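*Asks:* Here is what each chain is made of, one letter per residue.
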Amino acid sequence: MLQLENLEVYYGSIRALNGINIRVELGEIVTMIGANGAGKSTMIRAISGLIRPRSGKVFFENEDITTVPPHQLVEMGICQSPEGRRIFANMTVRENLELGGYVHHRNKRQIREDYDRVLSLFPRIKDRLNQSAGTLSGGEQQMLAIGRALMSRPRLLMLDEPSLGLAPIMVRQIFDILQDINQQGVTILLVEQNAWQALRIAQRGYVLETGSVVMENDTQSLLADEGVKNAYLGE
Amino acid sequence: MRILLLRVIAILVTFIGLYMLSQFVTYQMDPYYFQVLIECGVYIILAVSLNLINGITGQFSIGHAGFFAVGAYVGAAWTMIWQPMVVGRYSFLQMGTLHGDILNLLIALVLGMISAGMAGFVVGLPSLRLRGDYLAIATLGFAEVIYVLLLNINSVGGARGLNGIPTLISSGNLALFWIFLFVIISIVLSRNIMQSVRGLTWLSVREDEIAADAMGVDTTKVKVTAFVIGSALAGAAGVLYAHFLTGISPDIFSMNTSILITTMVVLGGSGSVTGSVIAATVLIVLPEMLRFLKNDRMVIYSVLLIVMMLTRPQGIFGTKEIGFPKWRRKQPKTEGRSA
Numbered sequence: 001m002l003q004l005e006n007l008e009v010y011y012g013s014i015r016a017l018n019g020i021n022i023r024v025e026l027g028e029i030v031t032m033i034g035a036n037g038a039g040k041s042t043m044i045r046a047i048s049g050l051i052r053p054r055s056g057k058v059f060f061e062n063e064d065i066t067t068v069p070p071h072q073l074v075e076m077g078i079c080q081s082p083e084g085r086r087i088f089a090n091m092t093v094r095e096n097l098e099l100g101g102y103v104h105h106r107n108k109r110q111i112r113e114d115y116d117r118v119l120s121l122f123p124r125i126k127d128r129l130n131q132s133a134g135t136l137s138g139g140e141q142q143m144l145a146i147g148r149a150l151m152s153r154p155r156l157l158m159l160d161e162p163s164l165g166l167a168p169i170m171v172r173q174i175f176d177i178l179q180d181i182n183q184q185g186v187t188i189l190l191v192e193q194n195a196w197q198a199l200r201i202a203q204r205g206y207v208l209e210t211g212s213v214v215m216e217n218d219t220q221s222l223l224a225d226e227g228v229k230n231a232y233l234g235e
Numbered sequence: 001m002r003i004l005l006l007r008v009i010a011i012l013v014t015f016i017g018l019y020m021l022s023q024f025v026t027y028q029m030d031p032y033y034f035q036v037l038i039e040c041g042v043y044i045i046l047a048v049s050l051n052l053i054n055g056i057t058g059q060f061s062i063g064h065a066g067f068f069a070v071g072a073y074v075g076a077a078w079t080m081i082w083q084p085m086v087v088g089r090y091s092f093l094q095m096g097t098l099h100g101d102i103l104n105l106l107i108a109l110v111l112g113m114i115s116a117g118m119a120g121f122v123v124g125l126p127s128l129r130l131r132g133d134y135l136a137i138a139t140l141g142f143a144e145v146i147y148v149l150l151l152n153i154n155s156v157g158g159a160r161g162l163n164g165i166p167t168l169i170s171s172g173n174l175a176l177f178w179i180f181l182f183v184i185i186s187i188v189l190s191r192n193i194m195q196s197v198r199g200l201t202w203l204s205v206r207e208d209e210i211a212a213d214a215m216g217v218d219t220t221k222v223k224v225t226a227f228v229i230g231s232a233l234a235g236a237a238g239v240l241y242a243h244f245l246t247g248i249s250p251d252i253f254s255m256n257t258s259i260l261i262t263t264m265v266v267l268g269g270s271g272s273v274t275g276s277v278i279a280a281t282v283l284i285v286l287p288e289m290l291r292f293l294k295n296d297r298m299v300i301y302s303v304l305l306i307v308m309m310l311t312r313p314q315g316i317f318g319t320k321e322i323g324f325p326k327w328r329r330k331q332p333k334t335e336g337r338s339a
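Heads up: the sequence lines are chains A and B, in that order.
Just so you know, we're using the working numbering here: the first sequence kicks off at 1 and counts up by one.
Just so you know, we're using the working numbering here: the second sequence kicks off at 1 and counts up by one.
Source of the hints: derived by calculation from the structure; they are not laboratory data.
All clues given are correct.
Pulled from the structure, derived: some chain A residues nowhere near chain B, Cβ distances all over 12 Å:
(1) Glu5
(2) Asn36
(3) Phe60
(4) Asn62
(5) Asp64
(6) Gly138
(7) Ala167
(8) Ile201
(9) Asp218
(10) Asn230
(11) Gly234
Restraint ranges, calculated between C-beta atoms of paired labels, are given here:
(12) A:Gln193 / B:Ile114: 47 to 55 Å
(13) B:Leu4 / A:Ser120: 35 to 43 Å
(14) A:Ser120 / B:Val303: 51 to 59 Å
(15) B:Asp133 / A:Gly234: 39 to 47 Å
(16) B:Ile114 / A:Lys108: 33 to 41 Å
(17) B:Ile114 / A:Ala167: 51 to 59 Å
(18) A:Gln184 / B:Ile16: 53 to 61 Å
(19) A:Glu61 / B:Leu103: 50 to 58 Å
(20) B:Leu4 / A:Asn107: 18 to 26 Å
(21) B:Ser196 / A:Ser120: 26 to 34 Å
Far from chain A by the CB rule (all over 10 Å, computed), these chain B residues:
(22) Leu12
(23) Ile16
(24) Thr26
(25) Gln28
(26) Pro84
(27) Leu310
(28) Glu321
Computed from a predicted model, the values in this text were never measured in an experiment.
Glycine included, every Cβ here is placed at the ideal spot set by N, Cα and C.
Generate coordinates for the entire structure from the input sequences, incorporating the hints supplied.
*Replies:* Right, here's the structure in full:
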């Protein structure tokens, strides 16, 4: 479904991604784990068109999307919940969700269906629809960010560190919901530092270190791997 | 269908009301107060249109006088230079009769708005690359370029400016009508934008551009559209002002004017249309009310401004509005009740 070929990204003269190759198949949850500064967020930004890669290609359903601008990618079915949530703090929860569905705003029925679906996935934000989003707790904000991304009815959902700054119990809850979302037919690319939680729900994983993919395997093998254990699982 | 009918009625009532008010006020009002009233109207248009760019989409343009000038000069160029060139061939363009004046004013308005809008497009393009203070400097630079150009183009009078512009908008005592028609147009336009789904995308660009991008909002289009609409309205204000004053010179459109308009938006509360309207009125009326202070008046005026900004840094209205509840438009309904 999604394929990166030799993707290289530079910030000025600094190389952030060192020719990475990954692929995500339809219906999978794939996770990309790695430490701070490994290039995880850069990869998400490059896929979603927020930065231009210097070389390499991105394919979505066999179509070259390397230079497609971000708003068209959302129409094509790729949406992301960005790092640090980036919800619209001064708008209400409802308005945040409406904006998430903006690319389909002419299709009222679809918007309503998605709206109901998101609220049934995240009952906690249902009670807070008219509250301004900045007043939500961190976990609720993350739920809102995911819900907002789902409003565009993506076939591929990319999540950038959904566990950032959240209490462990909240992380667990959100990751369980991600599994539900995946079972509803959304392919997920999950970028995480919280390797244990990410590997718990994913089928396959990549390990990114200083801009290069150093390991690629199914999650069982990654969880059993000594190097991964030492570096990311803290055992 | 009923909504359409209501709209037509609302528009008719507005037109007739404005017309009657215009007739009444022009006869009854002291010319000095009338002048101040017109000036308020012009600056309300300018402030509300700048609010579209600065307040609603969160750009920082401080060169609004440039667009004002483009509109004024292009409009005046029509009535002073181009119209006399073509009137021989098309006699229906003759000025002097009411319908001739209105026709010429409309042509001037269209030309002024189009050219100011195009200028807005050209200035809006760098806004895709420039943020915050850099954009501010670019827009200020644009206004200065316009100012210097006007000073040096002899066919529009250079530093002396253009004089003897026919008072087209006063023809038939309609000055107030025209000005406040555009005041209403700019307010209603802002309101409609803010209450639509599209308006939500404009606000999202202000709130967080990257998140807006990630949600599929074409941020480029939003920013350029805001610039084009905002500057076209400023152009309309320019055309109207030129045909009211009968004489324009580059000084009217100097950096001071740009800063005054920006102050109005900030003082009223960036993003609040109501705030822009009130701040524009206050900033035009206040210096007039302080005239009894003679030479000290600008000192007091400045001090008052500082005090206002210190006591309410978010502006008079913040981002609030009166007159139109922020989101009256239809919300998606949920099935069943919330738990």
